[in-house]
Amino acid sequence: MSGPFQETGNAGLYKTQLLSRRWTTEEAFEIRFSRPPLFHFSPGQRVRFMQNEAERDYSPVSSPKDETIDFLVKSVKGGPFSSALASAREGDSFHFTGPHGYFRFYPSERLPVFVATGTGIAPFASMAKTGVINFVLLHGVRRSLDLYNESLFRKTAALYVPCLSALSDPREGAPGAFAGRVTGYLEEGLTPGAYDFYLCGRGDMIRDVILLVDQEFPDSLVYAETFY
Amino acid sequence: MRRWAIKIYTRTGDRGKTSLFSGERVSKADKRLEACGDVDELNAVLGALGASLCEEDPNVAREIQEIQSTLFRVGACLATTPGSLLTDSLKAIDDEQVKSLEAAIDRMDALLLPLAGFILPAGHAAATWAHIARTVCRRAERHAVSLLGEAEGDKLSAAQGQILVYINRLSDYLFVLSRYCNRIMGVQEIPWKK
Numbered sequence: 000m001s002g003p004f005q006e007t008g009n010a011g012l013y014k015t016q017l018l019s020r021r022w023t024t025e026e027a028f029e030i031r032f033s034r035p036p037l038f039h040f041s042p043g044q045r046v047r048f049m050q051n052e053a054e055r056d057y058s059p060v061s062s063p064k065d066e067t068i069d070f071l072v073k074s075v076k077g078g079p080f081s082s083a084l085a086s087a088r089e090g091d092s093f094h095f096t097g098p099h100g101y102f103r104f105y106p107s108e109r110l111p112v113f114v115a116t117g118t119g120i121a122p123f124a125s126m127a128k129t130g131v132i133n134f135v136l137l138h139g140v141r142r143s144l145d146l147y148n149e150s151l152f153r154k155t156a157a158l159y160v161p162c163l164s165a166l167s168d169p170r171e172g173a174p175g176a177f178a179g180r181v182t183g184y185l186e187e188g189l190t191p192g193a194y195d196f197y198l199c200g201r202g203d204m205i206r207d208v209i210l211l212v213d214q215e216f217p218d219s220l221v222y223a224e225t226f227y
Numbered sequence: 000m001r002r003w004a005i006k007i008y009t010r011t012g013d014r015g016k017t018s019l020f021s022g023e024r025v026s027k028a029d030k031r032l033e034a035c036g037d038v039d040e041l042n043a044v045l046g047a048l049g050a051s052l053c054e055e056d057p058n059v060a061r062e063i064q065e066i067q068s069t070l071f072r073v074g075a076c077l078a079t080t081p082g083s084l085l086t087d088s089l090k091a092i093d094d095e096q097v098k099s100l101e102a103a104i105d106r107m108d109a110l111l112l113p114l115a116g117f118i119l120p121a122g123h124a125a126a127t128w129a130h131i132a133r134t135v136c137r138r139a140e141r142h143a144v145s146l147l148g149e150a151e152g153d154k155l156s157a158a159q160g161q162i163l164v165y166i167n168r169l170s171d172y173l174f175v176l177s178r179y180c181n182r183i184m185g186v187q188e189i190p191w192k193k
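So the sequences go chain by chain: A and B.
Using numbering that gives the first Met the number 0, read the first sequence as starting at 0 and increasing by one per residue.
Using numbering that gives the first Met the number 0, read the second sequence as starting at 0 and increasing by one per residue.
Read the hints as simulated data drawn from the structure, not as lab findings.
Here a beta-carbon is modelled for each residue, glycine too, at the ideal position from N, C-alpha and C.
Don't take every hint at face value.
[Unchecked claim] Facing chain A, from chain B, some residues (calculated, C-beta under 7 Å):
{"hint": "1", "residue": "Arg10"}
{"hint": "2", "residue": "Thr11"}
{"hint": "3", "residue": "Lys16"}
{"hint": "4", "residue": "Ser18"}
{"hint": "5", "residue": "Gly22"}
{"hint": "6", "residue": "Arg24"}
{"hint": "7", "residue": "Leu84"}
{"hint": "8", "residue": "Ser88"}
This is chain A alone, in the form it adopts within the complex:
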């Protein structure tokens, strides 16, 4: 894909094979593919899978240094792509293009604040596996079972806050959990200041966080990747 910006890596069309699949919850699975030898990406970028007249973008959760390329997929009822990935067999071939996008980690003097909802955690997993540390991470999920790569983030983040929307008492959830949405934590828990915000998740979360940033954290930078 060509756009007004430089694509990093070697954007092109690649063939890959499914190696394994592991359900992390009843709604989401981690899926591992062979990594095409010439394919390179920066943590945070996306690839575009193409199958049976359908296209769908996913961000790898693996490091660009890994020998495989792994994704976290939410199984969507009636979703043509997640259904295909959920039912595919080991050895099945898929095609993707990429890498796409500019959602990458840009180190600066400001503290990075990663905000994810659901499987929007994917780019941050890839960044953390590639050596990004000392960030604040807010991961909004319904329950602690939906947290992904919790142990990785507890080791790499300066502050890791699971935000559990279906939790009334934080003591019942993961250590350090916040009972509520990521926006609730930003309003109540984050010290006023200027940060580099990295947002990945559904559009309504992105919108709500950006409006909060405008109001509570002026002079911050915002990089966003929306899942629809």
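Given the structure of chain A, go ahead and fit chain B onto it with the hints provided.
Okay, now just chain B, sitting in the frame of chain A:
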């Protein structure tokens, strides 16, 4: 084909702010946005110009489409604060694109009578679209100069430095194109009367 569509409305700009490519949240009245808006407007006018030419000269219409694509790069440069970490991501406008405009100017100019004085921005509809595009292009140039002129030279990326050259040459191209449109449509130019 089912595509990974971009949602049109995000609602993040409902309170008068928007995001630059380099991550800053700025007022929609910010002069960086003014310049981006000019380039966007220019692109839209070029669309009208191309549409008015596609039957009479499809080659020039295609040339205009290429310019429209390049203007996305120009917009991206203007939406990125000089010196920001993302300037390396900007795709440069290369010398070839400027030379391509110059070659087109020379090609069309060779078919025209030498200019004896000022001419009115008038004539065939396609020629007037070209004149409108030229004036919007000059406005974009003024705003870009104001914007980029404030940045210290060493903060400007190669891509950002080159856009002033490209916009300036594009204005010249549009002037010659307006005359060329009148020529191929068989419409006389109207000289300025003192």
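Would the stated hint for Leu84(B) survive a check requiring a Cβ distance to chain A of less than 7 Å? Check passed: Cβ of Leu84(B) comes within 4 Å of chain A, closer than 7 Å.
Hint check, Thr11(B) versus chain A [nearest Cβ-Cβ separation less than 7 Å]: holds, 5 Å
Would the hint on Gly22(B) be counted as holding, given a Cβ-Cβ threshold of 7 Å to chain A? holds, 3 Å
Would the stated hint for Ser18(B) survive a check requiring a Cβ distance to chain A of less than 7 Å? holds, 6 Å
For the restraint on Arg10(B), tell me whether the closest CB of chain A is nearer than 7 Å. The hint holds - Arg10(B) has a Cβ within 7 Å of chain A, the shortest such distance being about 5 Å.
Can Ser88(B) be said to touch chain A, with a Cβ gap under 7 Å? holds, 5 Å
Proposed interface contact between Arg24(B) and chain A, which counts if any beta carbon pair is under 7 Å: This hint holds: Arg24(B) lies near chain A, its Cβ roughly 6 Å from the closest one there, short of 7 Å.
Identify whether the interface hint at Lys16(B) stands, where standing means a beta carbon of chain A within less than 7 Å of its own. holds, 5 Å
In summary, the structure agrees with every hint in the numbered list given earlier.
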